[in-house]
Amino acid sequence: MLDRLSNTLVSVSVDTTVAACEEILFGPYAGAIVFVPTGSSITTLTWYVAEKAGGTYLAAYDEDGVAVTQTVAAAKAYALPAALYAARALKAVGDAAGTIAISVKG
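So the sequence shown is residues 545 to 650, counted in the working numbering.
No lab work stands behind these hints, which were simulated from the structure alone.
The reader is advised that the hints may include incorrect statements.
[Stated by the list, open to error] Pairwise CB distance ranges (calculated):
1) G609 to T582: 33 to 41 Å
2) S585 to V562: 27 to 35 Å
3) A597 to A645: 18 to 26 Å
4) A617 to P572: 24 to 32 Å
5) E607 to G583: 31 to 39 Å
6) E567 to A640: 31 to 39 Å
7) T588 to Y629: 30 to 38 Å
[As the list claims (entries may be wrong)] No farther apart than 35 Å at their CA atoms in a straight line, the calculated lysine-lysine pairs in the DSBU-like style are these:
8) K596 to K620
9) K649 to K620
10) K596 to K649
We treat Cβ as the ideally placed atom computed from N, Cα and C, and that holds for glycine.
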């Protein structure tokens, strides 16, 4: 049996500005699933990263220099973009305020 480090952040606050979004500590993990709850008005998540908890958040870009964004819909779950896997801390900025849930695993 393979046992992996896992934790679920039941509710993560998302807002339209980086400063107002809740920090997601991601350092010890290798992947995640993002759950958008039923009734959510969030349709886009733009990801920001920091080198450490409480650090300065910068917009995340993939290996092609494209901003890491996700189109999402209520009552659906999405894999965290692979470009974020080396991040220590994350913030999800939405096109609307609300919450998401994140299940992370190592």
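Going down the list of hints, with the structure as the test:
no. : hint                     : in the structure
1   : G609 to T582: 33 to 41 Å : holds (35 Å)
2   : S585 to V562: 27 to 35 Å : violated (19 Å)
3   : A597 to A645: 18 to 26 Å : holds (20 Å)
4   : A617 to P572: 24 to 32 Å : holds (29 Å)
5   : E607 to G583: 31 to 39 Å : holds (35 Å)
6   : E567 to A640: 31 to 39 Å : violated (19 Å)
7   : T588 to Y629: 30 to 38 Å : violated (21 Å)
8   : K596 to K620             : holds (29 Å)
9   : K649 to K620             : holds (19 Å)
10  : K596 to K649             : holds (19 Å)
Consistency with the previously given hints fails for numbers 2, 6, 7, ordered from lowest to highest.
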